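Given the structure of chain A, go ahead and fit chain B onto it with the hints provided.
Okay, here's what each chain looks like letter by letter:
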Amino acid sequence: MIPGQVLWLRTRQLQANATSLVAIIPLSLVGVAVYYFGGQDYRHEADLRFAALLTAGAVIGAYLGAQLASRLPERTLKVAVAVLLLAAGVKQLVAPGF
Amino acid sequence: MLRDLFILLSGFVAGLMSGSLGIGGGVVMVPIMVLGFGFAQKLAQGTSLAAIVPISAVGAFTHFREGNVLVRPALWMGLAGAPLAALGALLAQHVPGPLLGRIFGALVILSAYRLWPLWPNRPR
Chain A
1 MIPGQVLWLR TRQLQANATS LVAIIPLSLV GVAVYYFGGQ DYRHEADLRF
51 AALLTAGAVI GAYLGAQLAS RLPERTLKVA VAVLLLAAGV KQLVAPGF
Chain B
1001 MLRDLFILLS GFVAGLMSGS LGIGGGVVMV PIMVLGFGFA QKLAQGTSLA
1051 AIVPISAVGA FTHFREGNVL VRPALWMGLA GAPLAALGAL LAQHVPGPLL
1101 GRIFGALVIL SAYRLWPLWP NRPR
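First to last, the sequence lines map onto chains A and B. When we follow our numbering, the leftmost residue of the first sequence carries the number 1, and every step to the right adds one. When we follow our numbering, the leftmost residue of the second sequence carries the number 1001, and every step to the right adds one.
It is worth saying that the hints were derived from the structure and are not from the lab. Note that this is a predicted model, so its numbers are computed, not measured. Backbone N, C-alpha and C define an ideal beta-carbon position, used for all residues, glycine too. One thing to keep in mind: the hints can contain errors.
[Claimed, not checked] Only part of the chain A face toward chain B is listed, based on derived beta-carbon distances under 7 Å:
1. LEU7
2. ALA23
3. ILE60
4. ALA62
5. GLY65
6. ALA80
7. ALA82
For reference, chain A alone in the conformation it holds in the complex (with noise of 0.2 Å):
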């Protein structure tokens, strides 16, 4: 009962992560076509090539994350991502760039 329950949990939380993960393709489509195209005087506000380079990037470091996720120490890593973004958080929020 319970690893069928876990189990099924488990499908689920797959299936809405998999599920949402193709609807956002064209909410961020639509977001940088407006960015691109729609910047106040006429600026294009996304560095395309930038993106690229990112993309490569994270492509492999997505891959990587997923493969080690089970052996990485998931706490400790929580906490330490979890500092980090409440220090750039906090840094944005009180001295925002421009």
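Below, chain B without anything else, positioned relative to chain A:
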């Protein structure tokens, strides 16, 4: 050249975090661009969106092949959300960069709060 290497590395770190912890790419990539590369807030957000399209396409394709995608809900969410995404993006073009940066900062802090694994009575 060295800058390109740092960009690749930033993508790698963002990918590693979302692959292992499941946090969204934009929350990591935008602060890296703003704080690490001196991007203006809008340019960082637009660039992050541009990177998220192919990154999620790769992830979605993998999941689709394994039969994890519920196709109809995905289409509905995508179709219903697209006009709102356009509206939000248009609105952002008219918000001054510093204010947009502060709002994004608050969002990043919220993500940190939600990621924090040490809250009591929280099943994880």
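Outcome of the hint check:
1. LEU7: Cβ of LEU7(A) sits 14 Å from chain B, so the hint is violated.
2. ALA23: holds, 4 Å
3. ILE60: Holds: closest Cβ of chain B sits about 6 Å from ILE60(A), inside 7 Å.
4. ALA62: At about 4 Å, which falls below the 7 Å cut-off, the nearest Cβ of chain B leaves the hint on ALA62(A) intact, so it holds.
5. GLY65: holds, 2 Å
6. ALA80: The hint is violated - ALA80(A) has no Cβ within 7 Å of chain B, the shortest such distance being about 10 Å.
7. ALA82: holds, 4 Å
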